[in-house]
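Chain by chain, the residues run as shown.
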Amino acid sequence: MFWAALFLPLLGGLFILSYGQRLGRKLSVSLACGTVGAAFVSALLTFFFPPSEPDQVLFRWLDLGAARVDFGAWIDPLSITMLLTVTGVAYLIHLYSAGYMAEEPEFARFFGYLNLFVAAMVMLVLANNFALLLLGWAGVGFASCMLIGFYAHKQSALIAARKAFVINTFGDLGLMLAVFVLANQGSVAFRDVLQAPSDELAIVVVVGLLVAAYAKSAQFPLHTWLPDAMEGPTPVSALIHAATMVTAGVYLLARCEPLLRLVAEMGSLIAALGLLSAALAASCALAQTDLKRVLAYSTMSQLGYMFMACGVGAYGAAIFHLVTHAFFKALLFLCAGSIIHALHGEQDMFKMGGLARRSELAGPRWGFLIGGLALAGLPPLAGYFSKEEILTAIEQNAMTDSLFLGALLTAALTAFYVGRAYILVFWGPAEHGELHRPTALMSLACWVLALLTAGAGLVLGFPGSPALGAYLRTAPIPTHLGTGLLISLGTAIPGMLLAYFMFARTRPQGPSSAAVFRLAEKGWALDEVQRLAIIAPMQMMGRLLGGRLEDVASHRLPEQVGQTAVRSGQELGLSQSGLLRTYALVLLTALLGVMTYLLWQVRA
Amino acid sequence: MTLSFILAFPLAAALAVLLLPAALARRAAISVALLDVFLVAVAWQSQAPSETYRWIPALGISWSLSLDGLSALMAGLTALLTAVALGASGSRTERMSEFCGWLLLLLAFLQGVFLAANLGLFYLFWELMILPAFLLVGRWGGPGGRSAAFKFLLYTLLGSLAMLLALVVLAFTSLEPDLSYAALASRTFSPALGVGLLTLFVLGFAVKIPLVPLHGWQVDAYEAAPTPVVVVIAGAMSKAGLYGLWRVSHTFLPEALAELSPVLATLALLSLLYATICALGQSRTRRVLAYSSLAHTGMMTLGIVSLQSLALQGAGLQMLAHGLTTAGLFILLGCLEDRALPQDMARLGGLARPMPIFGLALLLFSMAALGLPALCSFPGELMILTGLFEVNPGWALLASLSLVGAAWYLLRFYQRIANGESESLPALSDLSWREQACLVPLVVLVVWVGLKPSDWQAWLSVWGGQ
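Residue numbers (our numbering), protein chains in the order written: chain A, 1 to 604; chain B, 1001 to 1466.
Rather than coming from a laboratory, the hints here were simulated on the basis of the structure.
Nothing here was measured: the structure is a model prediction, and the numbers come from that model.
Backbone N, C-alpha and C define an ideal beta-carbon position, used for all residues, glycine too.
Incorrect hints may have been included.
[What the hints assert, rightly or not] Some chain B residues close to chain A (C-beta under 10 Å, calculated; not the full set):
1. A1028
2. A1275
3. F1378
Work out the full structure: start from the sequences and follow the hints.
Shown next, in the form of structure tokens:
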């Protein structure tokens, strides 16, 4: 039945892409939502009636030498958790999109790719081996690229799409590297690799997996595509670039826990890089002017927390935060989408302001508040419990205290930029004309996500009885409610207070012009570095080799040689009639002549 | 049913269509090519026995044909591409009957190359196929056709000379010359002679594949040739070079190949990376595809010379996949040229809007060509690289970098054509039924090979090389 979660969205997506425009808006959208809804139901059924055996093979897909690659699923608590999260959030966002994209003329293309994305993501979490995982892995990259570039008349969207695709393809190479090694060792199946991992070359496999995970989850230094990916429609940002696809890297590490345990020395590196990404992104988030880019950097930052958790061995905490983050970040994005929708596409926070007084936007406002407080880590919202678990795990397991301190500081920064965004958007003077009211479907999706954001933490991970941890069978992390509360309030409250004093008392008219802020807004110019160090030289080489050198080496030079040959032929008295037919005839005669000559030679 | 039919049939038909009027000639030629696909399938299914007739015993040349998985795959692909190419050829082609005749002749000679079980016979067909290819590019190619054709001839003759020399040496180093593959396989060559022979053969094949630096004819020919011709040349004829390299090196010069493998692999790798970089700097549609092809053939050559059975098998699968994607992409570009659109990508854009089916097809084939999983190129590439990794991890990693380049230039290719703002273009009609019909078999195969590569691997494992 879990196969329905893959094939229904897949077939639905292909059908809508091919015939959706002729089918009409209503039918296409219903089909898109229906198939994804059915996928969620099948995920629920899989949860309640899991197969007795995790390895479920459908057919033989490919032979990589001795390694046989099956088209099959691996159904265990981890993949079921992912499946539920992915299909559930995807269903809600599909519903939201039905309202958000109600006036989009190219609805078929949008919903077709959105469905294909869900199918690829399901493939990613279900795959029972690394080669098939690659299929989902590259598939989500493709769908993401198509949706980032959805507004195909915008050059910036196309460039963003290309950037995402190229960086993600580079990440795919990491996964391919893992496949190379594992296939040559005899098997790429989870059954073999994860249940009896081999020490040999494990470090190479892990490095490959990390490259793949960093590209997909937008971690330093492969993160530069994520902020630009906000060029896509907002529901896409919510689903792909916040809730599901970008978390695939965390899923990959959690899935490969047995392999990672073999190279324990990598743990510190993963944790340190996680902190770097988290802090870097948080520092960028607090300088953005575009609401969606704040959320994009925030996503990168929260993913950094998940990687930190993986680095210190707390995979359960990482997955817990993955789930709660999917809820509250999707909520934040959808509310942001409703606001942007209401303001006819305005994304600059400094041009918003005063929206708290508009009754049309009461829903998005409360939703944004709940999501924002969850992101800041305030109890009893979902983000509090999962972030708490990660912080506790870091405190207990990390080699150095600096990691813990860094994580705390980043938590304070998080509270600061959330507070800043909320104040800039909702407080202050208002001067807006007529606003688009969010449609019923949009509000419905937001309310369900708000409910999940409010309640999921209590249900899934109350300290002492972490239901999700027990389900995933991860080692429990002994948390203490009192200190946890202290840590959380101690970081979040100062951050938010600072935002209050900086932005609420006297509202700035525009972003700070200090150089350091401008640099942070530009992502510390890492984009520029990447462009100058890699892209520009490649383009230059392309023009140099593909233009100049080719022109000389394979055009002018051979032509010169040819002309010289012809000229010397003319001087020898041979005629150049210019008729192709003659040349052909001469060629054929010469050929036959040579063969006859040889024949005669041998006979003689 | 004998194997000779597979090539005798299009050969005879080539003469017959000359007598038919244009419209009928095209339809007849398509049927002939399709029937040829069928003949190959039947021969493969019924395991048609090899056949040998005495011909020139003094030189060791006999008319002997045989069919194994690889040759069946290539022969089937060639016939299919010819049919598709003929279908896609616009009705505005001049002297249609003659055109169809030459194209069928090219098909017949290519089938000869793939089916021959005697090196002398192979060489005969190898030389013969130059003639129709030369004429098709020269006479039906646009303004640059003539010079492109001559350049093609110049390069090809260079390669042919090297091969002829090798053949002469082969014939004269044995008391009773026998050029059949079986006899050659049982011969042992001194290391120096083996290496020398292989070098000569590689020179001959490298022109046709092509490999850098012997690729000078390719871009011009791909740019000038009419769509059907470029489909067959890029899709099938370049495979003849790879096929020859595979046959010769693995059948009777394995020791020499072992000796030369590092050198050849390095050359192929350089060719691959060079072409990838060149493709990044192109601004004309056909040139992007030409360099993309050059890069991909480099990858296949790597698989063939790597001495690793998985990489070799992957190269075989990739030969099929590359034939399909190249044909699809060139046919789609042909559709644009039929609508009088330029080749300059800066002047194209936004075509997915007026032509949604075209847009989807272009996306599918571009993605297949850049190796998106679930489409046809991915399994072959994964096999080649996995096999290569075992031989030399450095090569595998360098070669896989070309995939990032391919993602870059092929996505850019797609976006420049299908997305973006469109310049004021004439009213464009989407793909016609005829154009769609040509693409359907390719689309089916692209998806089939990608989703169920094991079906196709079975064909290649039949080959007795391992």
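Evaluated hints:
| no. | hint | verdict |
| --- | --- | --- |
| 1 | A1028 | violated (24 Å) |
| 2 | A1275 | holds (9 Å) |
| 3 | F1378 | holds (8 Å) |
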